[in-house]
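Chains as they are written, first to last, in the numbering used here: chain Z, 34 to 657; chain W, 34 to 657; chain L, 33 to 382; chain Y, 33 to 382.
These are computed hints drawn from the structure, not numbers from a lab. You can take every hint at face value.
Selected chain W positions facing chain Z (Cβ under 10 Å, derived; list incomplete):
# : residue
1 : Phe339
2 : Tyr378
3 : Ser380
4 : Ser502
5 : Glu506
6 : Asn593
7 : Phe606
Where a beta carbon is used, it is the ideal one built from N, C-alpha and C, also for glycine.
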Amino acid sequence: MPTVNHPRIEAVNDFVIRFANVNGTGSASANNMFSKAVFRMGVPVSPKNIFPSNIQGLPTWFEVRVTEKGYLGSRGDVDFVVAINGQTLKQDYETLMPGGYFLYDSTKALPRDFKRDDIFEIGIPLTQMCIDNYTNPRQRQLFKNIIYVGALAYLFNMEFEVLTGMVKDQFAKKEKLIAPNIGALELGYNYAKEHFTEVCGLRVERRDNVGDSIMIDGNSATGLGAVYGGATFAGWYPITPSTSVVEAFEKYANKFRKDEQGKNKFAILQAEDELSAMGMAIGGNWNGARSFTATSGPGLSLMSEFLGLAYFAEIPIVLIDVQRSGPSTGMPTRTQQSDVISAAYASHGDTKQVLLIPCDPAECFEMTSAAFDVADRLQTPVIVLSDLDLGMNDHVSRPLKWDDDRKYDRGKVLTAEDLDNMQERWGRYKDVDGDGIGYRTYPGTHPTKGSYFTRGSSHDDYAAYTEDSSVYEANMERLVKKWETAKDVAPRPQIKYRDKDSKVAAIFFGTSAQASYEALDGLQEEGTKINTCRIKSFPFHPDIGKFIEEHDTIFVIEQNRDAQMRTLLINEFNTGTEKLRSILNIDGMPIRARRIKRKIERMLAGENVSPFTTVNSSAQEVEA
Amino acid sequence: MPTVNHPRIEAVNDFVIRFANVNGTGSASANNMFSKAVFRMGVPVSPKNIFPSNIQGLPTWFEVRVTEKGYLGSRGDVDFVVAINGQTLKQDYETLMPGGYFLYDSTKALPRDFKRDDIFEIGIPLTQMCIDNYTNPRQRQLFKNIIYVGALAYLFNMEFEVLTGMVKDQFAKKEKLIAPNIGALELGYNYAKEHFTEVCGLRVERRDNVGDSIMIDGNSATGLGAVYGGATFAGWYPITPSTSVVEAFEKYANKFRKDEQGKNKFAILQAEDELSAMGMAIGGNWNGARSFTATSGPGLSLMSEFLGLAYFAEIPIVLIDVQRSGPSTGMPTRTQQSDVISAAYASHGDTKQVLLIPCDPAECFEMTSAAFDVADRLQTPVIVLSDLDLGMNDHVSRPLKWDDDRKYDRGKVLTAEDLDNMQERWGRYKDVDGDGIGYRTYPGTHPTKGSYFTRGSSHDDYAAYTEDSSVYEANMERLVKKWETAKDVAPRPQIKYRDKDSKVAAIFFGTSAQASYEALDGLQEEGTKINTCRIKSFPFHPDIGKFIEEHDTIFVIEQNRDAQMRTLLINEFNTGTEKLRSILNIDGMPIRARRIKRKIERMLAGENVSPFTTVNSSAQEVEA
Amino acid sequence: MSYLKSTFRHPESPKNDLGYTQANYEGALSTLCAGCGHDSISNSIINACYELSLEPHKIAKMSGIGCSSKTPAYFLSNSHGFNSVHGRMPSVTTGANMGNRDLTYIGVSGDGDTASIGMGQFMHLVRRNLNMVYIVMNNGVYGLTKGQDSATADVGSSSKKGVPNMYEPMDLCELAISLGSGYVARSFSGDKDQLVPLIKGAIKHNGFALIDVVSPCVTFNNNPQSTKSYEWVRDHKEATGTFDLVPEEQEITVQNPDQINESITLHDGTKINLHRQPDSLDITCRESVLSALEEAKQNKQVLTGLLHLNTDSNSTHDILNTCDTPLNRLTEEDLCPGSDALEALNQSLR
Amino acid sequence: MSYLKSTFRHPESPKNDLGYTQANYEGALSTLCAGCGHDSISNSIINACYELSLEPHKIAKMSGIGCSSKTPAYFLSNSHGFNSVHGRMPSVTTGANMGNRDLTYIGVSGDGDTASIGMGQFMHLVRRNLNMVYIVMNNGVYGLTKGQDSATADVGSSSKKGVPNMYEPMDLCELAISLGSGYVARSFSGDKDQLVPLIKGAIKHNGFALIDVVSPCVTFNNNPQSTKSYEWVRDHKEATGTFDLVPEEQEITVQNPDQINESITLHDGTKINLHRQPDSLDITCRESVLSALEEAKQNKQVLTGLLHLNTDSNSTHDILNTCDTPLNRLTEEDLCPGSDALEALNQSLR
Ligand SMILES: Cc1ncc(C[n+]2csc(CCOP(=O)(O)OP(=O)(O)O)c2C)c(N)n1
Ligand SMILES: Cc1ncc(C[n+]2csc(CCOP(=O)(O)OP(=O)(O)O)c2C)c(N)n1
Ligand code: SF4
Ligand code: SF4
Ligand SMILES: [Mg+2]
Ligand SMILES: [Mg+2]
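Isolated chain Z (complex conformation) (with noise of 0.2 Å):
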């Protein structure tokens, strides 16, 4: 081994690892293991699949972060780096921090022109180990993973226990597959063992750190929670990273929802479009059937028309759109927050959506089980504005809970009963509480009264076709009513005082918050103490108006390129344009935090920079 010129990162329970791979070669399944089995040793962890727009044989990434506190947001840097990807070898050896390690098949010596001096070289013959051990091209491919696991294993001293527990758990169902995996985790182990002791300063020590918490993906948890919140008919159209809401809408569904029959208490429909798929949630919610969709950027912009109409005609639905990077196809598995505005004022004329934004995979669940109530308590579209990294990516995440003797809040909806017991005439559009929302009726309740016309063109009290201009504009104000009425309704804003006295301040909302709050501990360790304010939903409730009068600096941190989140503060509470300051992340990976506290120490500073991130300065520096 070279001779290593920089100080070795030491760390316990606190470092990055990043892992090189090519797709459809079976590496997720052995990274998830590695960092799962993290997880069970009492250490918050947080894994992040880089993924290409691609089936076979493109590059793959998969970073790891083991976090001992907890910060389950990207940190930026990579500590560790295992290299299994000869077509970004390159690129995975130049990113790699200084002191840090560098995992290899070294069954082919590294090229000539890898030749820095303050890295660590881990040199495993992968390859030449499948050769000797397996025949089956297959497991040759697949073991591979798995033996780099054994040896991550040893160099970071963990449990052995906890890895082949999880080999147990995994292969339960095909039990032979136990023994020949447990036996590649221990080739690497072994080799690692024999070749690298005391090489790696990186490690994993069982703490109790993860309490009751729960691994589990953003989407899964969202179709639980459309599973939980009573929902029976999805119409959906594939598209990543929506896919997996309705997959496992369905899972769960088929788990929990037959009945004696065996049949099924639930619907579900690939449409043929996302045009399609918005139109049969209307049609199902417009009959009382809790129904909903699921997309990403292309289907919000197809879905335009329909969200329309179901603001108009006041029909509740629930529309979950995972976020990815835009604009058009855009890079399809990359992240982002840039359907902020597309959804906030989804269509033509004068339109406002409700959005609620989950920050994490109880929230997915807690807020798409809400989403039904709050839609119909509205009667209007809500839309879960999730993302990518929230969706796909497994988080630690603390239990999902619910409430036995929560009810459905199913909204203003009259009965026969109800028809039958009014003594005014009843006019489905008509303000009777002052809310802003009159009653409905569900097709088909009272032989003679309570039917209605819906429709997208302008209507009246009674829900009848008019063009005169004065009813037209009363039904319009009365949608701002409405919309003041979401106010109260919607989650509100998880606002957090450092110092009451402070007069900076950060906003931020969903993916962007563990970061964040990351970012703004650094600066409070130095002195610096920022207030903050989580947005969960949109319109905004009062309180972010207050919060936003009693700072005079106001970092707004999102994942967009034109500042949308900020664009729809302004707006809605005319103010701030002096203060709100952007900081933005567009490159489509998780914003990091070690890049947002750079950024507002700069900007505290004094420094003219600009709110992007890495642009014209990643060349200088191996930024954070």
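Starting from the known structure of chain Z, fit chains W, L and Y with the ligands onto it as the hints suggest.
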């Protein structure tokens, strides 16, 4: 005639007459004849057709403003009603101004409850006269309209020869219709002369106030602009109020664009829907044939996905959006300016679209032809934002002009020769000039050079697919640079200082301009000098920012509920939330000068008034 | 404006099995042009529902946008109606049907609404065999937007505008048959005798039922050069035969039993007795029907009547194995797995 | 990742009439799964264009979104390509073709891209008879999004997921034929001998030409229960016959002239000589082809080859009477009526 307890309205060349008819009865052409006759007497006129979303049998109104001073916007209030529609008789009776005139068909007496004593009733037994004079039922229906026009000629003391001249022009090709039409005019004229001498205080007198103006609807001018701008292909889908744009394009192209063999130097396809229409426009422009489409709100929503593709793949497109009242189907035959946000930010992800906003037919012509240059220059979609009022009503307009020396600006396009002469490697999206715009090639240009792959997915300078974060990011930032370039390419705002020191200003655009100028003229007469900025395009020119800086109170006047242009202003300039004050009109009627004026007066007087102009107050008083 | 109903009603109007008079099935005053074919179709729908003694509130009226799509306002005012957006009635109806399988869904659309903007949704609706009646009020023109070409216009046909259509027409019946629809019919708005039983049969059929009704647009497409004009259709109409619909409970009493070529039992026991000429079309065989349609097209005939019948198919709910209770009637107890199940799930995720 | 081309090339590779080698028609390295049927089709496109001696830059490659729609990057790198949005290749190609009638348009799509989201656009594209080649790389599954159902899956067929499809499949050839397309073929990605001539014929045909190519997805739909698997198709393939394409300039030299049942001359003088068994399908008669397709379906056969040929139809430009010069080549002088015309117009508006 009963005594009237109110002085009659007296005016020369300055009044509003409203015709109340049933659609499908041929009234529009008679009413147009009246309006055009005023114009031919040298007096500016402003007709507004207020029609239902229906083909036959429902109420329709036609409002003609006679305006010696050339105020072509809507004024508000009605001085004279021609009430031919039994369905709306009462309503028409009620909305007439005190001192005004009510012309009705006295074949049947007015119902008992019609007993205003502050208006002048002019009963003409139109139906009876038709029965007496014509046998054919269709004639009886059509001539009824001509008879009342004849009566008006007498009542307003118009030059009868102008009307007979119009009849002759109109039926130049169906000569035998001339005599009976003139006969009908005379019937009406004579009846009025006999029964209503000196009753009417309104006069139309010959002036020389129209200069070389023409009368044309915006959509015709737009269609013609597309012909002059070099459009060769239109893919479209019918929708009110944009349909006549393509119809006009077809008409003029058929007139001007036949080659020697009688073949068409243009192509028009009625698409199966708006998605397809936009796809066609994209395909045509990709190939270098100037292509466009026209639609209204619902179509704009449906085009959203494709607009994102065009933005990101950088394909020039011209889209004419003739706005109508939304949301959803809304009031399809009423006007509004409510697609501003959906157009400006069309599509998911970070997108921004260029808007051009004409305020009269001459600008429809100019901006549409310019739109093709702007789109080609910027390689991006350009949306011409017109509206129903502008598009479907005839307007007095300065004549259309074309500079024969003007050359189309096809933007940065490489020929085979260019490609052969290039030293450097060409990259479709390489920003060699620093304006954010690359050089494109048309397919088929060169056997071995210049081919590239157009895509909506992330791409590098050479149009190759990439998932590289920094390449993606650099590309997105280049698009921001291009956006900066657009500010210089798009038409500048029209800024007018009534008083350089005034701190009060108004910003408006499109069809809100005429009524705004009139309202501000009125205020100026009362001593309030308000400077004005008429926005003609988005992105905004920096002059608009300066204009905002210079003033303390700025009224932003627009025809939508959510203050959409104001939203764009504060977003783009990051300023002005406190001083930009909305004046909004959403009732589907063209915004009225008197209402704007009253609103500004009250706001300047410190009253706390809702930005909306009618609701809650319209009931109390006959409001302007 | 045309008037669907007279204002005067005899107090002793006949009543159906439910005790309702025809008036109970009517709607608001039509605002279509006087003479518009669509109004006649509305009347036939009213008749069919009245005669079948359907509970009006158990019917849902669905439509897109167009003159045709306005008609649901003009019939069955005790039914809920949904006038959605242009071309998208199929998806909204699909969702509605998923939400409540117990209603009768009558969808009304135009030729523009279905064959142009709605083509994709239409095709997939048929493919899914959704249980509904789909009526196309086919005037071969865009009425509401004033006379543009439609994709169902025949080659050579021209509307009032005067330019003959040169594109291949979409034959919705042919498409529906080739996509497996089990009930496909064509009729003419002016032929109530044929249309009313067709609608009744369609309502009784389990699965997707299409009725393509030629329905002249008197304002924009009723000129002699149009193959969708009253005159043309009257002259070129050719019927496949007639049929009776015999509800399950009723005795079969047919005037001339010799004429019954076949008797087919629908899902709910109702029988369809087909009467047709010897050697005429076998409507149960989809191949021969497709040929007959192609042939009629070449002979410039409009083949009307029940074109295809196949009762042996699974509707969407059958395929999905949905429970018998309509989904919109399931309550928390049926739907929510509860906290214990969730805790077990949490456990599996550790 | 699969490799379409070997890196080593013989310096003396054969050249076509233009002096190009096959390499001049190749594209970038494919990123599809090894063994994916789509790659074979790309190769056949390369062969066909090479053999026809087409100028690569006079070809435009159009596609939507999907694994299949990625392929245009893997052939003809000297041609412009347009990878548009999901399901909307038809409209973009229509616009492109309107803008320049002189290019050869090769559109590539998937079964999801065409038969689901793109169904409406596809149908209308066929109806307009746009002059283009439309190749569906039909694997009966959504490849790129990892294995969802497609609307072309046969009843009873199941993908790797294992749930048999219960919905009626969309038969794109049947649809194209009934909408009047004059060149309709079906083939198999594994049968280059059949596919290459089909592509060549399609390119030469004036008007819309569809080739529906069964193209197994090795990753998600190549299991034995799938009717789109290599195995199944090999076992159930049935050909209509074969044909030669004889370019205008070339002498007709056919091996066995007895086998030529018919010789059909295309628009540009090229001839198609059909060879088929006695009593086999008459592909010029759309009725009999539709029946044959229905029959094959019932017999669980995949009928391949040229299914329908009709050279007697107007393509979109013919119908529109567009000028011969491509619209994108017209200049100001051709297009702008000038100021005098405008002044005359002003005058008429006073
Ligand atoms: C998205 C959208 N595009 C266009 C329109 C305008 N539009 C209204 S009805 C109609 C066509 C109606 O034709 P058809 O369906 O044949 O009905 P008809 O009026 O002939 O009965 C169109 C294009 C619309 N409402 N929405
Ligand atoms: C509007 C939109 N919806 C969904 C998607 C996601 N998507 C990408 S490819 C695809 C289906 C591909 O299937 P197919 O056309 O059969 O192509 P294959 O991959 O099987 O070749 C889908 C649904 C998308 N890109 N855009
Ligand atoms: S325009 Fe035509 S389709 Fe519409 S109502 Fe009138 S006649 Fe009927
Ligand atoms: S997933 Fe299927 S269709 Fe896509 S590349 Fe792989 S084999 Fe081909
Ligand atoms: Mg129609
Ligand atoms: Mg596929």
